[in-house]
Amino acid sequence: MSSVTLHDVRFVEPEGTRNYVTHDYGALSWLLTKDHKRIAILYLFSITAMFILGGFFAVAMRIELLTPEGDLLTSDTYNKFFTLHGIVMIFFFLIPSIPAVLGNFLLPLMIGAKDLAFPKINLLSWYLYMIAAVMGLYIIITGGVDTGWTFYTPFSTQYSNTHVFGVTFAAFIVGFSSILTGLNFLVTIHRMRAPGMTWFRLPLFVWAMYATSIVQLLATPVLAITLVMLMFERVVHVGIFDPALGGDPLLFQHMFWFYSHPAVYIMILPAMGVASEVVAAFTRKKIFGYSFVAYSSLAIAFLGFLVWAHHMFVSGISVYSAMIFSFLSYFVAVPSAIKVFNWTATLYRGSVALLTPMLYILGFIGLFTIGGVTGLFLAAIGLDVHVTDTYFVVAHFHYVMVGGAVMAYMAGIHYWWPKITGRMYPEWWARLAALLIFAGFNLTFFPQFVLGYLGMPRRYHAYAPEFQVLNVMSTAGASILAAGYVLPLIYLLWSLWYGRPAGPNPWGAVGLEWATSSPPPMENFHETPVVTWDAYDYPAMMKAMGETQNV
Amino acid sequence: MLSDFPLWPDQASTVAPGVDALMTFMCIVSGGVSVLIFVVIFYLAIKYRRTPENQIAEDYEPPKALEAAWIIIPFLIFMVMFVWGSWLYFRIQRVPENALDIYATGKQWMWKFQHPGGQREINTLHVPVGRPIKITLASEDVIHSLFFPVFRVKADVLPNRYKTMWFQATKTGRFHIFCAEYCGTLHSGMIGWVEVMEPTDYQKWLAGGAEGSLASQGEKLFQKYACNTCHTNDATGRGPVLAGMYGTPVTLTDNSTVVADENYIRESILNPQAKIVRGFTGIMPTFQGQVSEDDLLKLVSYVRSLGAQKTPAVPVESPSSKQTSAGSPLNPGAGIPPQPNKGTTP
Amino acid sequence: MSDITLTGPAPEPHAHHPFLQHHFEDLGQQHEASTLGMWMFLATEILFFGGVLCAYWVYRIMYPEAWALAAEQQNKLYGGINTIVLIISSLTMALAVRNAQLGKRKATVGMLFATLIFGSTFLAIKSIEYWQHFHEGLFPGTHFTWNEVPALAPKVQLFMTFYWSMTGLHALHMVIGAGLLIWMMMRSWRGDFGPEYYGPVEIMGLYWHFVDIVWIFLFPFLYLIHGVHHG
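Residue numbers (the working numbering), protein chains in the order written: chain A, -5 to 545; chain B, 267 to 612; chain C, 20 to 250.
Bound conformation, chain A alone (with noise of 0.2 Å):
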């Protein structure tokens, strides 16, 4: 139980305290800096970077598939265009996203330590990224690749005549910067919790970026590996992926879907984690069944490498083989199913503001809830053989990962922001961006489910007349989904300098990020935070608190 006093859940420093943003001036402070929080505004503004450059090549694929005619781009442009948007996305916009951003930031804050274990690898992993986002923008400048980012061999080893090569290796770079962020948040929540902070007292998403961390670590060197080998063949020509020397393709698809199916759990777990922190503070109770939550998110991590074939059921494996995979792929679905429930049941008995981040998560549990769902469509094999390839795993994909991690990603911006930026955002048009977004989400990808059941096959740059429609209909969606993206550019820039103030805990939260000042000092806290309270423990921390907030 819990016994708390007031002094416990303010370490507040006195005015005129430098914070991290003040600390010290100049480019070369942050370029060169040690400290999370600084790492994380550089990894921010580089991950917004690589999210206009994917939506970019989102927006040229949605405007050429109006007509079903390809008139807009070349075949060769928009097959390289479907292959940037894929590789941006993933590798440099929602893997990094949450963990690298909101983890970074976030992480030593909700454990009570000063900063991550290994600072400089901190850094060096932002460097790493950025290396790698360099390398990658010269490559769509100079020709771009047209493999489909999941790089297919032989097509990609012997017959594409892109940049193949450079771009596999400007991955691989970006892999050892998500397996360093992977090691550092490991050892910190090993090793640097506060005196007090047990397991279970820490916030959920420290749960989740536990469990993302053993994804990233364990799985990305995987695809280092596949990926140097792809290299070596495409240099050397030597048959490793080459059926016509010996080699077998399938053994490419199987190494890299090793990595690439526990890739998508990087992506959705810390999203999971950002939605049990905001369903706590917006309803201000105990997530309901926190060790539940907690376990899942192991669960997740440790299922998520079983499954990998389940995007081979009509590659050529055995049937016996595909029997398996769908198996294990509808296990893994169980502990998803049990957070959604759990976040569900915590909104019984709560007081439940409807502000933005609440807003976004609402939107985030709906949402991934049909992506979710529509994977139990996809694991059940004998439907597969019909739908795999088409729009139906497009729209699956983008539900899972636009509609879950990004709403999550925007949610926690939000949630976070007075913290960060120590601004608040204008709540109206932040409403409204929410709603947009959802909207135009909805409008954008649930006509690809028809799609993709009505035929329609993936990564077509024509297609068939009586599709039309339907396509019509997810570009418009596209368009309003852009506009609500937008929305946030601007306001949020616009907060920094116009934005209300916002005190320590402006959302009357419970967690140790909010027990300090917004923005927090560089070192954190003064003094090291003793944790006597339970997680989520609101009735104790508001009676220590003395007063209601009245947000």
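Calculated from the structure, these hints are not laboratory results.
Virtual Cβ for every residue (Gly too), placed ideally from N, Cα, C.
Don't take every hint at face value.
Said to hold, decoys possible - Distance condition first, Cα-Cα at most 16 Å in a straight line; then the derived EDC-like pairs of lysine to aspartate or glutamate:
{"hint": "1", "chain 1": "B", "residue 1": "K486", "chain 2": "B", "residue 2": "D560"}
{"hint": "2", "chain 1": "B", "residue 1": "K373", "chain 2": "B", "residue 2": "E559"}
{"hint": "3", "chain 1": "B", "residue 1": "K429", "chain 2": "B", "residue 2": "D467"}
{"hint": "4", "chain 1": "A", "residue 1": "K537", "chain 2": "B", "residue 2": "D325"}
{"hint": "5", "chain 1": "B", "residue 1": "K378", "chain 2": "B", "residue 2": "D467"}
{"hint": "6", "chain 1": "A", "residue 1": "K537", "chain 2": "B", "residue 2": "D367"}
{"hint": "7", "chain 1": "B", "residue 1": "K541", "chain 2": "C", "residue 2": "E84"}
{"hint": "8", "chain 1": "B", "residue 1": "K373", "chain 2": "B", "residue 2": "E387"}
{"hint": "9", "chain 1": "B", "residue 1": "K437", "chain 2": "B", "residue 2": "D467"}
As the list claims (entries may be wrong) - Chain A regions said to be covered by chain B (calculated; three or more residues, Cβ under 8 Å):
{"hint": "10", "stretch": "148 to 158"}
{"hint": "11", "stretch": "258 to 264"}
{"hint": "12", "stretch": "361 to 370"}
{"hint": "13", "stretch": "414 to 420"}
{"hint": "14", "stretch": "449 to 463"}
{"hint": "15", "stretch": "480 to 486"}
Keeping the supplied structure of chain A fixed, place chains B and C upon it in accordance with the hints.
What follows is chains B and C alone, placed relative to chain A:
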């Protein structure tokens, strides 16, 4: 009105209704659960909204039995989906007996179809309705995927390996064929039509253009590449007798057995050292690079025809005994119908 | 409102150790964090090498004859000597860690130097092997020539691909290890290490032992395949 906005393609095969039934089940269950969650969230968010009177939540935890319920019940539902999906998958993968053989080759960026009688088509496939059709697939370059939305089947087409898929069409008409695995520039142009016809119309179409059956063309290649110099019709040849071999188990030099199917024959032409028949040495040269994918199909068809029970492709005296029973290693000279020596003597 | 006195442990009264990084509470936490970090890094290396080893095994099962024939091209003597050299280097490395823990400066430098010598011996012998193989035409690609059993040549080339890439990656890790050893030697000479601070040498040891263990797998896989007998 509804036909203007279809939600599913035509059902034109024997498995299509089953696939659509599973889809309907999935939609109802998933849709139902999703709607239930949305409604509950909506209701709870409004009922327990934050007001000046409701600033802090009550310290209340729902019973833990709920947790167990929503672990076990979804898992059971998932198992139903798993079993149904697997059962359907078995139906889709298991090729029935007496299927009509079609050979499909995918290459950037077209589909080539060959009928057993030698009729060839590009990007169009004529098939009879009401009969199982087995398609043997090969790629000449990268991975493709042959997809018939109305039959609800697709299979990836790989280089250097044969795969099979099958369907049985249930209605006549003209339906889409798509390539469903990205294969380069004109991936979205690698499309065509399957024309399902009444059996009589199909026979008429077949009669329209044949350049000799695949097997007879294969026989010509068998002589052209001098295969018959070693693979004679009796035990004196330097290579195993091929007549009657197709479809039977063959014992190899390491005492393992393989079934002499299309993949085995193809591999033995391209990589003869891989699986050498017991009793023979590895003197067969490789024909990798000399025999095209099309020619390989013809040679395989020819060897298949030698194993068939019905009249072989070349006129012979009627067989005096049946071919060797399945399960015993190939025994040269025993029970093979004698055939005239066709090639030059070694 | 501005309540700033806090509970929490008072700062340590002893002098700040020169190598204590400011975000750690004490040397003990720093040591545990670095060691755990190195173990985690080694886990990634297991997955990294494991990937290529898996691919190697898939083809070994598919092409046992070619694999056996290709392994016969290897120089077992050099490989065997290298194995012994590496095992001894692990011994000297372990002794270096021990000496650092005991604060024996010169002995630490000596053992690190011995490890470096053995590691360099390994790399030298490996270079000779590579040079010989290259001149025998066994580097995959356009210069590959091997005609003993022409039908198996592509598969033997595939084996060689694995040989060169696996031993090449291993050698790269050894070169990095050699650089790290030199750095450790310099720090050791400077007197950085003692009973209360020897972490860097210890994690150097972990890395070096791991690189050794990888070789213990590579040697039998690439050199010691038993031939397949023809009937």
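So, going through the hints one by one against the coordinates:
Restraint check for K486 of chain B and D560 of chain B: satisfied, since their Cα atoms lie roughly 13 Å apart, inside the 16 Å limit. At most 16 Å may separate the alpha-carbon atoms for a hinted pair to count; K373 of chain B and E559 of chain B meet this at roughly 11 Å. Distance restraint check for K429 of chain B and D467 of chain B: the Cα-Cα separation of roughly 28 Å exceeds the 16 Å cut-off, and the hinted pair is therefore not satisfied. Annotation: proposed proximity of K537 of chain A to D325 of chain B holds, straight-line Cα distance about 13 Å (limit 16 Å).
Taking the CA atoms of K378 of chain B and D467 of chain B, the gap is about 21 Å. The hint is violated against a cut of 16 Å. Taken as a hint, the K537 of chain A and D367 of chain B pair is broken in the structure, with Cα atoms around 79 Å apart against an allowance of 16 Å. Between the alpha carbons of K541 of chain B and E84 of chain C the distance comes to roughly 11 Å, so the proposed pair stays at or under 16 Å and holds. Between the alpha carbons of K373 of chain B and E387 of chain B the distance comes to roughly 14 Å, so the proposed pair stays at or under 16 Å and holds.
Restraint check: the Cα-Cα separation between K437 of chain B and D467 of chain B comes to about 14 Å, which is no more than 16 Å; the hinted pair holds. Restraint check on the stretch 148 to 158 of chain A versus chain B: 5 residues with Cβ-Cβ distances below 8 Å, three needed, restraint holds. Here's how the stretch 258 to 264 of chain A fares: 0 of its residues keep a CB closer than 8 Å to some CB of chain B, so the rule of at least three is not met and the hint is violated. Residue count for the stretch 361 to 370 of chain A with a Cβ under 8 Å from a Cβ of chain B: 5. That meets the three needed, and the coverage hint holds.
Proximity of the stretch 414 to 420 of chain A to chain B, defined as three or more residues with a beta carbon under 8 Å from a beta carbon of that chain, is not established by the 0 residues found. Figure legend: the stretch 449 to 463 of chain A, annotated as covered by chain B; annotation consistent (10 residues with Cβ-Cβ distances under 8 Å, at least 3 required). Counting residues of the stretch 480 to 486 of chain A whose CB falls under 8 Å from any CB of chain B gives 0; the rule of at least 3 is not met.
In summary, the numbered hints that this structure violates are 3, 5, 6, 11, 13, 15.
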